[in-house]
Every structure is written in C-alpha cells, then in structure tokens.
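Enquirer: Chains as they are written, first to last, in numbering that gives the first Met the number 0: chain A, 0 to 410; chain B, 0 to 452.
Hints are computed from structural coordinates only; laboratory data are not their basis. No experiment lies behind these values; they were computed from the predicted model shown. Ideal placement from N, C-alpha and C gives every residue a C-beta, glycine not left out. Please note that a few of the clues may not be correct.
Which residues of chain A face chain B? A partial, calculated answer using Cβ under 7 Å [said to hold, decoys possible]: (1) 63; (2) 102; (3) 232; (4) 296; (5) 303; (6) 365; (7) 366.
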Amino acid sequence: MNIKALTRSLWRDPLGPLLLAAQVALSMMIFANVAYVVFVRLDTTSRSTGMDLENIFWISSQGYAADYDQQSTVKFDLEYLNSLPGVVAACATDSLPQTFVGFRTSLSTAPELKGVKSAVLLYQMTEKFVDALGLHLVRGRAPAADAVTPARSSAGPAANLFGPEVVITEVLADRLFGGAEHAIGKPLYFSVNNGRSATVVGVVERMQGSPLFVSGGDFVNHVVFAPAVAAGPHALYLIRTQPGRLDEVMARVWQELRPLQRGRTVNAMETLRNTAWQARASDRNEAIVLAVLSSFVLAVTMLGLFGFASFTVASRTKEIGTRRAIGATRGDILRHFLFENWLITTAGIVAGWGVTLAFALQLNMLLELPRMPMIFLVAAMGLIWAAGLLAALMPALWGSRVAPAVATRAA
Amino acid sequence: MLLWHDLRLALRSIQRNPYISSLIVAVIAIGIGTSVTAITLYHAKAGNPIWWKDDVLFRVMLDSRPLSGGRDNPRHPDYPPVTLIYRDASAIYESKIPTRSAMMLAASGLVDALRPEIPTFARSGRLTTREFFSMFDVPFLYGNAWSKSDDSDQAPVVVISRTLNDRLFGGGNNVGRVLTFSGQRFTVVGIIDRWLPLPRFYDVGRSFSPADDLFFPFRWAESLSNLRFPGYCQQTDSDLWTFKELAASECIFMNLWVELTTPAQYQEYRNFLNNYSRTQQQAGRFARPPNNRLAKVSTWLEMNDVAGNQSKFQVILALIFLGICVLNTLGLLLAKFMTTAPLSGLRRALGATRGDVMRQHLLEVIVLGALGGGIGLGVAAVGLRLIRVFFFWQSARAGDNPDFATVAQSLSHMDAQMILLAIGLSLLAGLLAGLYPAWKIGRMAPATFLKIQ
Numbered sequence: 000m001n002i003k004a005l006t007r008s009l010w011r012d013p014l015g016p017l018l019l020a021a022q023v024a025l026s027m028m029i030f031a032n033v034a035y036v037v038f039v040r041l042d043t044t045s046r047s048t049g050m051d052l053e054n055i056f057w058i059s060s061q062g063y064a065a066d067y068d069q070q071s072t073v074k075f076d077l078e079y080l081n082s083l084p085g086v087v088a089a090c091a092t093d094s095l096p097q098t099f100v101g102f103r104t105s106l107s108t109a110p111e112l113k114g115v116k117s118a119v120l121l122y123q124m125t126e127k128f129v130d131a132l133g134l135h136l137v138r139g140r141a142p143a144a145d146a147v148t149p150a151r152s153s154a155g156p157a158a159n160l161f162g163p164e165v166v167i168t169e170v171l172a173d174r175l176f177g178g179a180e181h182a183i184g185k186p187l188y189f190s191v192n193n194g195r196s197a198t199v200v201g202v203v204e205r206m207q208g209s210p211l212f213v214s215g216g217d218f219v220n221h222v223v224f225a226p227a228v229a230a231g232p233h234a235l236y237l238i239r240t241q242p243g244r245l246d247e248v249m250a251r252v253w254q255e256l257r258p259l260q261r262g263r264t265v266n267a268m269e270t271l272r273n274t275a276w277q278a279r280a281s282d283r284n285e286a287i288v289l290a291v292l293s294s295f296v297l298a299v300t301m302l303g304l305f306g307f308a309s310f311t312v313a314s315r316t317k318e319i320g321t322r323r324a325i326g327a328t329r330g331d332i333l334r335h336f337l338f339e340n341w342l343i344t345t346a347g348i349v350a351g352w353g354v355t356l357a358f359a360l361q362l363n364m365l366l367e368l369p370r371m372p373m374i375f376l377v378a379a380m381g382l383i384w385a386a387g388l389l390a391a392l393m394p395a396l397w398g399s400r401v402a403p404a405v406a407t408r409a410a
Numbered sequence: 000m001l002l003w004h005d006l007r008l009a010l011r012s013i014q015r016n017p018y019i020s021s022l023i024v025a026v027i028a029i030g031i032g033t034s035v036t037a038i039t040l041y042h043a044k045a046g047n048p049i050w051w052k053d054d055v056l057f058r059v060m061l062d063s064r065p066l067s068g069g070r071d072n073p074r075h076p077d078y079p080p081v082t083l084i085y086r087d088a089s090a091i092y093e094s095k096i097p098t099r100s101a102m103m104l105a106a107s108g109l110v111d112a113l114r115p116e117i118p119t120f121a122r123s124g125r126l127t128t129r130e131f132f133s134m135f136d137v138p139f140l141y142g143n144a145w146s147k148s149d150d151s152d153q154a155p156v157v158v159i160s161r162t163l164n165d166r167l168f169g170g171g172n173n174v175g176r177v178l179t180f181s182g183q184r185f186t187v188v189g190i191i192d193r194w195l196p197l198p199r200f201y202d203v204g205r206s207f208s209p210a211d212d213l214f215f216p217f218r219w220a221e222s223l224s225n226l227r228f229p230g231y232c233q234q235t236d237s238d239l240w241t242f243k244e245l246a247a248s249e250c251i252f253m254n255l256w257v258e259l260t261t262p263a264q265y266q267e268y269r270n271f272l273n274n275y276s277r278t279q280q281q282a283g284r285f286a287r288p289p290n291n292r293l294a295k296v297s298t299w300l301e302m303n304d305v306a307g308n309q310s311k312f313q314v315i316l317a318l319i320f321l322g323i324c325v326l327n328t329l330g331l332l333l334a335k336f337m338t339t340a341p342l343s344g345l346r347r348a349l350g351a352t353r354g355d356v357m358r359q360h361l362l363e364v365i366v367l368g369a370l371g372g373g374i375g376l377g378v379a380a381v382g383l384r385l386i387r388v389f390f391f392w393q394s395a396r397a398g399d400n401p402d403f404a405t406v407a408q409s410l411s412h413m414d415a416q417m418i419l420l421a422i423g424l425s426l427l428a429g430l431l432a433g434l435y436p437a438w439k440i441g442r443m444a445p446a447t448f449l450k451i452q
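Using the sequences plus the hints, can you model the full thing?
Expert: Quick look at the structure:
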C-alpha cells in the first residue's frame, strides 16, 4: 500500500480529516476520563462490606415518655429479638453501618495519643455483633456479655462510653500492631472514654463501616467495636436472619414490636441491603449519567467517521472503478479505505493523548481524585481504534463492490 | 421577499438530502439536549436563593482550631471551621452591632399533634432565635415570630410550616393550638407560608432537603435532652452529640448568622470579632491569631461547594460534547454542500453573487440549527424527567413528605432562562458549524462545477 500517496491525497483537502481527528481526540479525552471517574464511583459502590448484607435488617425506636428507660428497653427488645425462630443473632448499635452517619474518633497504641495513631469509626454494640453482622472473626473472641457498658442516662455524669474489651478490623490491626497476630491482648487508648484504655480481644477479617468517601478516608475500614448500650432515647437494632427468612422475620417483628409501647415509638425498619444501596445512590447516579454521556460521545464520533468514509467512497466511485480496471483487487480497495480511516483515527489518538492528560490534571483538582492510571488511556485508545474501524467498515465494503466497468461510464 | 425566496431555497435543499439533513438535525439536537440538561441541573443547584440580601447577610466563623490535629477544610486549610463553640457563639450573639443576628441548630424529633387519629412521626426542627424569620425574609401565613422575651424565657412556643399545618391540623389558622415535639408541649404562635429556599444556604449539610417543619426558641436545646446535634471536638478529634456535653465543651457545632446593613457596621463588627479572638488568645483559649471570616451568602455557598463539583464536571463534559457535535455537523455540512455544489455553480453562472450563495447556505444552516435546537429542548425535557423520576425520587421516601417532590421538581425545572439558553446555544452551534462551509461554497468559481457536468 502506498502510504505516502494516501497521506498526500488526504492532505489535499485537509479540513475534513482534521475535523475528524479533532473529534477523535476530544472523544478520547472524554472517554478515558469518564471511564476513570465511573470506575472510581462504582468501586466505592460495589466493594465488599464484610457483612452478610443480604440477611440483615435494622429496626429503630425513639423514646418519648418521661419514664422511658433505655437500658431496660434494649435488654427487653434484644431478648425478644434473639428468641425469634429464624433469627441468627441480634445486637443493639449506636449508629447504622453503611450510612454516612457514624461515630468518628481517634485512638492510639500509647496514652495521650502518643503512639501509632489512627482515625477510626467506633461502633457501640452489644456482645452478639459478630454473629448479628455475619463478620468473620480471624483471631480471639467477641467481648464478654458483662463487658457491655449499660446505657448512660443523659442526666447523669459523663460515665465511660464503653467497656474494657474491644474488637478491631484486620486492616486496623495491621496498621497499629503490624498484624492481627500481634494485636490480641494489646491496649488501645482513645481520645474519648475519659482517656481510658481498652484491650483488643478479637480481630475480624473485614468491615467497611461507611460507604467510601472518594477523597480519602481509609478510616471507614478502620472499625472498632466497643461493647456498650448506646445512650438513649434512640434505640437501634441489627438483626441477622437465616438465609431466606428475612421477609418473614421482618414482618413478624414489625407486627409484634410496634404495639409494645414502653414509652417509645418503633419508627423505622429497613433491610441493610437497601440502606447500603441508598447511601451509594448519588455515586451510582453520577456513574450512570456519565456512562450515558460517553456512549453519546462514542456514537457521534462513530457517526462522523462513518459519514466521512461514505462521502469519500461516494465521491470517488469513478476513481475506484479505474483502479479496479487496472488491476486492484476488492481487498486492495477495502484496505485502502480502512487504512485511510485508520490514519485519521491515529492522528486523533496521538493528539488525544496530550489533551486527555491535560484534562485529567484539571479533573484531579476539581473532583479530588487520585491520578488516573495509564490503563485508562490505553483502554480508551484501543476502544477508539476499534470503533473507528467498525464505523468505516460498511462504507469501505460498499467501495470495494464498485464494478470496474464504472470507469468506462461518463460520470 | 428576498428572505422568503432564500427560505424556500433552504427548505428545498434540506428536502433534497433528507438523510444527511436529518443526521445534522439529530446531532445538533443531542448536543443541545445534553448541554441544556446538564446546565439546568447545575443552574438549579448554583442559585442564590436570597440574592437580594447577599451583601448584608453574613455567616460568622472564628478560628478556634488547636495548632495541630483536628480536621481542616481539605480544599482551604487556612479557613476557620464553619461552626462555633457554644461559649463563643452566645458571647458574640449578644453584640449590639449587627442589625440582626440569629443562632441556630437543627435537630430531628418526634411530632405528636395530640390527636389519636394522627400517629407520631419524625420531623426536622430548628432551634433558633426570633431574628431568623425577619433576617431570612420568611413569609408568615398566620401569626408571627415569637417575641424577644420568649427567647430569653424559653417560652413553649413553636412556629410551624404550612406543610406540617396541613398534615397535623388539616390547614387553616391554627395559631394557639398545641403539639408536642420530643415529648414537650408547645403552643403554635405562627405558621409560615410556603418557603423553600434552594439551596438551603443556612443549613448546607442538607442543602437540597425540604425546609424545616418546626422552629423553636433556641434555649429549648438545653432542655430537650433527647435531641442530638452533630458536634466535633477538635482537641480530641472525635464527635459528640448531646447539647449538655457540647455546651460545656470546646467542641464546635453552633451556627451564627448576622445582618450587617452598612459598610461601617461591617467594619465595626469585624473589629469586634478580631478583638474578641485576641482576648481569647491572650486568655489562652484560642491557639491561633485572629483568622475570622464573615462570609456573605454567595461566598458561603461557594466555600461549602454546595453546587457540587460533580455538577460542574457534568456541565464541562456536556459542553465538550456539544463541541464534538459542532465539529461533526461541520463535516456533515461540508459533505452536504459539496454534493449540491454544481447547483450553486449553476446559480452563480446565472448571475447570483457570492454573497447570495453564501447567504442562502447560511440560512439553510440556521434552519437546521433551529430544528435541532427545538428537538434538543424536547430531548432535555425528557432527560430531566428521567433524572427526576429515577434519581431524585428514589432517595426521597415518596409520600412521607410532599415537599420532597417539590424539591425534586424545582431542581430539575427548565425555566424560561434555560429555554432561551437552548435557543441561543443552537443558533451559535449552527453558525459555528455553518460559517466555514457556507463561505467555502460561496467562494468557489462557478466554472469548477459546471465543467464536470
């Protein structure tokens, strides 16, 4: 194939090819960057949480009466919930996992935050949380039932928030002690809890407390379970059922627990799966919008490439006939048009490389994302090449079917 | 007459190549539709709902941060925290310099109308001082704000929203009736008319939620011990929730707005704040030198990134996409005009000037652009509708609070401004794409085309 002649013929009327190359460059810029943003958003929405999301639901109540007592209510409710057929385990918690609400604090391996420090999400839960969340305990044990600190009354003095035994996640154990095996029996010092320490008695494999914050925030995986009944009047329970019995148990609990007044209102119930899904809604929606937009971009660019190829084929019908008449095969003609198209796409990709990186730089600042890995550039490049060839295939095939006899006809 | 003639020529030319013409219209339509959708969503979020008071309302911020530790604003580490320590907020609130000032906190609690047929339900309330209503131009339907003495005496009074009034009492003037919030009885003294500032500049954590349903004198924060307020303690880097603990601590959680009508007042108030900070620094409470800020509403919204960089990003992408569509249209127009070039050549040979040919082609482009723009508006309307149905309503528990639907509606509403923008954009896109091809056709020597035939 005569590349030189081909380039020269493209260059004779450069505007059309240049326009196309510019489109290709812009599409590549949008494609690589959007793919990256979508990847980041979906990554935050689809990671494993470490919990048995499918079989967990939560129910909450709010005390309103003057004589409402958090401690006895929680004790009563947990006894009821744990006695139900189909329930694996139930625990009380201070805040709901998989939402953006949680108790964020910091701790250290030495007093007064002088040792290895970490920001953590702290959950005040009752002793059955490992089973109630379906967590995988890799070392040690759960806190003993008598380590659970009773609910503070809001009128009383600021007592301890939680008991002396805590469970942490494996990533936190790695960070603080260099491995789960070194964590058991070690003290942790909290910036809350009157500066008292608690001992690590167990390590769970994984727990993502909150959906990931895009701009940093490893702390969502640095989870501490502290044994306590959280202060009232809001009571919140997490209940894990046997597989397939979630709906049945939920219906029963809603029926039976609601009428038990005890100076409170049972006000909400939801599956943890739905809660997690809703918390990720805005990330997921953005990913959908961006994916739709980039499919438009790809479609319009392919349309442009298709249009250009059709136009060149149509306006060169006579030349094609002549070439065929003097011995060019159908394959030659097909290759000619595909190669012409490939040259344009490639020129666009080369220019696109630069604009994509420049745009990515602006994007990092705007959306506070980490740097885009090269793989997204390479993938966008591959996709655009493939799309370009696909768009030109039909017109090139039409061109290759032009009969040599066309050359002999007058226009 | 001439225009009429040109228009007929343009329409005939469009009909001659229906395939390529409809492609051009489709490409413009999808570009305009996408851009207008993105810009509408951004426009609704980026508005200033109290623009007429933008240079008199200020959010007060003091730098009470310790020298290290704590959470800085990730984008602007030099900014003071957005909320205040209770001690500082109540001291500053006492200042007589501002025309008005209002402290506020939001909290959710259970509402009971004391009527057995209406079960209790949770609603968001605002604990604030009486100036809130006059400062933010809140319209009253019945009754009034509470009095100055109600603020200091912790009177059991409440101002409720029209939505809550409808739900609890079935509408009408219900001033004087009683409800309970978080177990405490309150008498209704005022009912506010529909008031839905978006974004809710005074509550940026929940900028796009319905307005609060209940307003109470601020001092009720002390006695409604069931309410939880999100506070943050900088010294220990941890959260705290109850007012009792928060008020006694050095934790930040208070919101304070002031109205400063004249520049002299502003200057005086600034000096007052700086003196206050300096005194606190000398007393050893504040670790840093005065770094206070008075942010007007627009600055405040910008500081908190209320419009959201995600929406900004989508607008940028949509405009680049429109750019791609223009390039595409340019290519299509070139091809289209080249195929009909012999006709133009003939027209030139019969006496049409270059200007005539160019004008005729431009008009054709404008017609195509206008068609594309019109269809693009339809595309945008469909796009916004889809976004409203799928995205906004899925997060709001529909039916629970009718105001959620109102918020969704106003966030995805295409107003006259947006329609004008769509028309402007499509004409601009048409012109950008059409100028060069029209000029090129006009410039060609008639003989070039006649010869081939």
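Enquirer: Please go over all the hints and tell whether each is borne out by the structure.
Expert: Cross-check of the supplied hints:
{"no.": "1", "hint": "63", "result": "holds (4 Å)"}
{"no.": "2", "hint": "102", "result": "holds (5 Å)"}
{"no.": "3", "hint": "232", "result": "holds (5 Å)"}
{"no.": "4", "hint": "296", "result": "holds (6 Å)"}
{"no.": "5", "hint": "303", "result": "holds (4 Å)"}
{"no.": "6", "hint": "365", "result": "holds (5 Å)"}
{"no.": "7", "hint": "366", "result": "holds (6 Å)"}
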